[in-house]
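Chemist: Each protein sequence line maps, in turn, to chains A and B.
Just so you know, we're using the working numbering here: the first sequence kicks off at 1 and counts up by one.
Just so you know, we're using the working numbering here: the second sequence kicks off at 1001 and counts up by one.
Just so you know, the hints here were simulated from the structure itself, not pulled from any lab data.
Be aware that one or more of the hints could be misleading.
Derived contacts from chain A toward chain B, CB cut-off under 10 Å, selection only [unchecked claim]:
no.: 1; residue: Leu85
no.: 2; residue: Phe97
no.: 3; residue: Cys171
A virtual CB, placed ideally from N, CA and C, is assigned to each residue, including glycine.
What follows is each chain in one-letter form.
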Amino acid sequence: MAPPLLEVRDLRVEFPTRRGVLTALDGVSFAIEAGEVLGVVGESGAGKSMTGAAIIGLIEPPGRIAGGQILLEGRRIDDLPYERLRRIRGREIGAIFQDPLTTLNPLYTVGEQLEETMLTHLPIGREEARRRAVGWLERVGIPAAAQRIGSYPHEFSGGMRQRVVIALALCAEPKLVIADEPTTALDVSIQAQIIALLKGLTRERGTAVMLITHDMGVIAETADRVAVMYAGRIAEIGPVREVVKHPRHPYTAGLMASIPPLDRRVERLAQIEGAMPRLSEIPPGCAFHPRCPQAFDRCRRERPGLLDAGGTRAACWLHLDRAGRHA
Amino acid sequence: MTAFILLRILQAIPVMLVVSLVSFLMFAHVGDPVAIMLGQDHTPEQREALVRDLGLDQPVLVQYWRFLGNAIAGDFGLSYRLSRPVAELIAERAPATLELAFTAAALALLVGVPMGVYTGLYRNSWISRLFLTFSLIGVSLPTFLIGILLILVFSVWLGWLPSFGRGETVQIGWWTTGFLTWSGIKALILPAITLGLFQLTLIMRLVRAEMLEVLRTDYIRFARARGLSNRAVHFGHALRNTLVPVITIAGLQLGAIIAFAIVTETVFQWPGMGLLFIQSVGAADIPVMAAYLLLIAAVFVTINLVVDLLYYAVDPRLRADRGAAGAGGR
Ligand SMILES: Nc1ncnc2c1ncn2[C@@H]1O[C@H](COP(=O)(O)OP(=O)(O)O)[C@@H](O)[C@H]1O
Ligand code: SF4
Ligand SMILES: [Mg+2]
């Protein structure tokens, strides 16, 4: 069987600080198949962005990958020298950031930025790059693309700029795009358009997406599978229907119960008492136990790995029985 | 664009008027120019004739008006000390100062910017630490001390470079240049280093700070995420974004270099405007001092204008005449 497009195995990311080493990601494992949309949800600080940054090798020093592996089509990419990894960024794995107002270089026209990206990765000349740049602006829905190619980022609205960012992420035709809260900074009225655009373009070309978001509504509509993160770990992962309709992990259950009627963002979980621990104060055992209504003895002592929970996999001792039976 | 330039020139006029007023007050009211010019032995008739010649019997406003008119025409009167037209004296000395200032500024930029970029990119390397330590020396040692130390080492001990003067110069029209002879270039080295060192370290520190700032921005992260080469990210994207503040400071510093050439010129007996100014101060040669003051003000005003124009060239956000904002979106 062909290896998955992307596989993350037991990933651990650490930040050495003056007061000891902080573990931002701890034993994160998941895979993304070609053409698949994996949603990643979780409260602010859960480690979603860190996971994306680790995959493209852009963790800010002094943070570093302290363990585990990242494989792209079966080849390890986490231990590549900078220059080799650079050729993968943009070309094999594209990225979309949160705030389109700050992601574009203010001193270059959108055309220049698109052309530069394509010329870096694709065996094409200037003429062709220019032609394709116009094509990309059209594709992402910029009106009068041929004229706007010479415009600077500040001449576009926020929504239009995020369209340009999407074009930039896709223009070298990567196999995977990591979209880190692509609509969080945008006006609510255009969030759906941007998600629809991203979904349409990636489906068309069979591009896989790692869609990081606060918005369970977006996940439910867009993702094939979803990973729920908590305190630098994956709490539950599985097909989106299962996770949304029948969450197996008490944290996911709380998360789903707290979804407001219309797709508003989940900043705070009304249903779950307390807050996610800071990195320096992650409790032993199950990181969720101080807030978990079903916590029992073992949860405080031993950390649960991802266990088969029937339909999804959940890092929760409640599913030990089933996992045990299957093993 | 044209309107922008005109506006800036209009804004410069009041500045120049104030400076000219100060110059004039100095010119007409500091000391007794008549006594200075005539010396000890003179008859009352001689004195009266000179007072009339200088227009000192006229009302102050008329005097100022005449001063202004003459200044615009490039006539700053006669030097008390040398009894020659001030404009002529300054024109003679200007090439020396301008060549020195130009060399010092080029040195500051061509060495300061790369050092700043390097220390910004590799902030923990030992070379960066060395540069930073060195820059502390450049910032904290007074100019005259640096000049004297350089003379001590390179002229007195090693005997490699001359300790004073401009060396041989070549006359091109009214301009005299030291760039075309070996001795002229050798004579330029120590004064240029002395004059440019402070600015060099300042520019280096500024570029470093700006680079550190810009490297943290989202668009640099995004440029990396797009897989652009390090060269493109560092120079195309990061350095270019540091240029606006660097141009401001570099521009102001160029003005400062010309103005503060006084100290360096004195240390190296460099026959420029600064040395002329110092000699004039010693002799209370007011017309020369007044003219020098006006000239330096004009230099600053011009540099400010050029800096504004450079901003305009570097940063598209300032070019407000382009059609703004796309359709749709937020
Ligand atoms: N430079 C850093 N130094 C120390 N901790 C960091 C740094 N950057 C992020 N973190 C921590 O890593 C954790 C994960 O952050 P992040 O991935 O941004 O969360 P999310 O994207 O899920 O909101 C957070 O607790 C955050 O405080
Ligand atoms: S392991 Fe225990 S504490 Fe953790 S979620 Fe499951 S029941 Fe709750
Ligand atoms: Mg985040």
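Chemist: Against which earlier hints does the structure fall short, listed by number upward?
Modeler: No numbers; nothing is violated.
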